[in-house]
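Q: Under the numbering used here, the first residue of the sequence shown carries the number 1, and numbering increases by one thereafter.
Quick caveat, the hints were computed from the structure, so don't treat them as lab data.
Mixed in with the good hints, there may be bad ones.
What the hints assert, rightly or not - Derived PhoX-like pairs: lysine-lysine, alpha-carbon spacing no greater than 20 angstroms straight-line:
1) K85 x K47
2) K47 x K76
3) K76 x K21
4) K85 x K74
Stated by the list, open to error - Using C-beta positions, here's what the derived DEER-type ranges look like:
5) K164 x T79: 32 to 40 angstroms
6) A187 x K76: 33 to 41 angstroms
7) V84 x R172: 19 to 27 angstroms
8) N81 x H33: 12 to 20 angstroms
9) T79 x P149: 38 to 46 angstroms
Even glycine gets a Cβ: it sits at the ideal position worked out from N, Cα and C.
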Amino acid sequence: LANLPGLTAHTPSGSLPKMKKFRFQLMHEWILHRLPPGRVADVGGGKGLLAYLLQQSGWNATVIDPVAQALPDKYKDLTLNRRVKIGAAESVPHLTQPFAPAMAEQFDQLVSMHAHGCNVQLIDVAATGQQKVILLPCCIIQEPLLPAPGQHWIACLVEYALAKNLTVEPFRLNFRGQNIGLYIHAA
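Work out the full structure: start from the sequences and follow the hints.
A: Here it is, written out as structure tokens:
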């Protein structure tokens, strides 16, 4: 994957130890430092922690996930280095259904850290030029596209997005596991 454009500049050089958890908090920080607040959908957002964190930062955030789940009761604030409780009455808007491209019309930004069956659809939405997409692709489950033999899934998605004349900005978050993200938008 080192040959993906822009990724080599983001490859860690041993300066920070990888965290075991906190992927939602790290994605939240990445978004806050790069994008102005707007209307965001967390596609496949599960319990909604990322949407909750974005909501607390002034975003209009909604979870799109076919399985309704309650927010976690706590999370670790990495800035304050302490656990923060989420009140039982707190919630985020939740569309309890599978993602469909028409749903994107009500959002400026689409984020997915676990988009089973939606990665290609999200790239197709970005190709309409209306929404920007942030993907942290992990699995190839129910996707209409498969990588060529020997090709990594992320490289396959980058190739697909570039073929649609989209700009792809790879980035890396500091946690263990699949930590390469793709910020995809119209050129």
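Q: 32 to 40 angstroms was suggested as the range; check whether the CB atoms of K164 and T79 agree with it.
A: At 37 angstroms between Cβs, range holds.
Q: Sort out whether K76 lies within 20 angstroms of K47, counting only the CA atoms.
A: Measuring from Cα to Cα gives roughly 15 angstroms; hence the hint holds.
Q: Within a Cα-Cα threshold of 20 angstroms, do K85 and K47 meet the stated pairing?
A: Holds - the C-alpha atoms of K47 and K85 are around 15 angstroms apart, at most 20 angstroms.
Q: Starting from the hint 12 to 20 angstroms, judge whether the C-beta atoms of N81 and H33 obey it.
A: Holds - the Cβ-Cβ distance for N81 and H33, about 19 angstroms, lies within 12 to 20 angstroms.
Q: Is K85 close enough to K74, meaning Cα to Cα at most 20 angstroms?
A: OK: K85 and K74 at ~4 angstroms, within 20 angstroms.
Q: Quick one, are K76 and K21 close enough, alpha carbons at most 20 angstroms?
A: 10 angstroms, holds
Q: Do A187 and K76 keep their Cβ atoms within the hinted range of 33 to 41 angstroms?
A: 38 angstroms, holds
Q: Starting from the hint 19 to 27 angstroms, judge whether the C-beta atoms of V84 and R172 obey it.
A: 26 angstroms, holds
Q: Could you check the hint for me, namely that T79 and P149 are 38 to 46 angstroms apart, CB to CB?
A: Roughly 44 angstroms apart at Cβ, these two residues keep to the hinted range, so it holds.
In summary, this structure violates none of the numbered hints.
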